[in-house]
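**Student:** Sequence:
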Amino acid sequence: MTENGAGSGRGTAAEVGRQDGEAVALRPHAEDAFAKELAALAAADDRPRLERWRLSPWAVATYLLGGTLADGTVITPKYVGPRRIVEVAVTTLATDRALLLLGVPGTAKTWVSEHLAAAVSGDSTLLVQGTAGTPEEAIRYGWNYARLLAHGPSRDALVPSPVMRAMAEGRTARVEELTRIPADVQDTLITILSEKTLPIPELGQEVQAVRGFNLIATANDRDRGVNELSSALRRRFNTVVLPLPATPDEEVDIVTRRVEQIGRSLDLPPAPDGMDEIRRVVTVFRELRDGLTTDGRTKLKSPSGTLSTAEAISVVTNGLALATHFGDGVLRPSDMAAGIQGAVVRDPAADRVVWQEYLESVVRERDGWKDFYRACREVSA
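Mind the numbering: the sequence shown is residues 1 to 381 in the numbering used here, read in order.
These are computed hints drawn from the structure, not numbers from a lab. Remember, it's a predicted structure, so these values are computed and weren't measured experimentally. We put the CB at the ideal spot given by N, CA and C, even for glycine. Be aware that one or more of the hints could be misleading.
The calculated label-pair distances, taken between Cβ atoms and stated as ranges, are [said to hold, decoys possible]:
| hint | residue 1 | residue 2 | range |
| --- | --- | --- | --- |
| 1 | Asp-347 | Arg-374 | 38 to 48 Å |
| 2 | Asp-184 | Thr-239 | 18 to 28 Å |
| 3 | Arg-297 | Val-379 | 19 to 29 Å |
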């Protein structure tokens, strides 16, 4: 990174690929994909920065929420939602409290976590991915067993975890899907978050966190009861709940922006008149998610899946790929039908009934949706 954290000295992933003749990363890290925006913000940022922060808290919030700088540079929104949520999240990272992003699947928890780390530390890669098999070593440290057997415990034989590295370097660590991690492994974070130290009893040493260190964790509302956080660990976090998009227009905006970004990375051309199909997907998802039609007149059964904004993005991207590679490039109902049905019908028995009832009672009677109804019926058949 440059000294002011504006950009990456190694260049963006795309630039590295062009310079070295190597393949371009399919999904560059946030600090690479948005390096120009981060550089522009760093250059324009005249507000106080915390120690080892690449941007001021105000600039971090601007990076996530978007805006136009004094020199005319447009900062694209990374998160579309209440401003106060982002402000509270950034403020939490500016204190000694860790941040827990909580919400149902598809509410951009990982996305927000990555961009916060990129804007604060210039590095979003200090990541622990939580699973049922995540070991304690992933959070604390491990050992190079060849060196351990040859020379015994030493600093050279120790393999630091992303969290340990973040503590030593004053950066932001990330723990994804915290509630998927076994409870006894979760609790290794208690000393780290409360005492800001990580003991290494094998060496009689410890790693103390330097200023700039903090931790962002994400957790899924649907995982409650899997591995609940202990009260001791929960007290170490400031919890910020990321809600589903408040309005259809807000959700359409989110889906449109992300589909455009993903489409560019996949070399998919923009789809003319694609907005109608995006709005249709969002309408279907919101109605089935809420159990009520948009006009409030018809109650609906909800399927077992979450029908999140992230799934809507996936459905539209898949439809765009179909239109590009097997159609005329125009996004049509026939390109969307299979993807929507696949997202709705997760349980072949129960969800299929919900989907069929929705098609017959709502889609069939809705003006302008005849082509979509026929396409969905053909897929169902």
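**Student:** All the hints need checking, so say for each whether the structure fits it.
**Tutor:** Right, here's what the structure says about each hint:
Range check, Asp-347 to Arg-374: about 25 Å between beta-carbon atoms, so the 38 to 48 Å window is missed. As the Cβ distance of Asp-184 to Thr-239 is approximately 22 Å, the hint placing it in 18 to 28 Å holds. Between Arg-297 and Val-379, the C-beta spacing of about 27 Å keeps the proposed range 19 to 29 Å intact.
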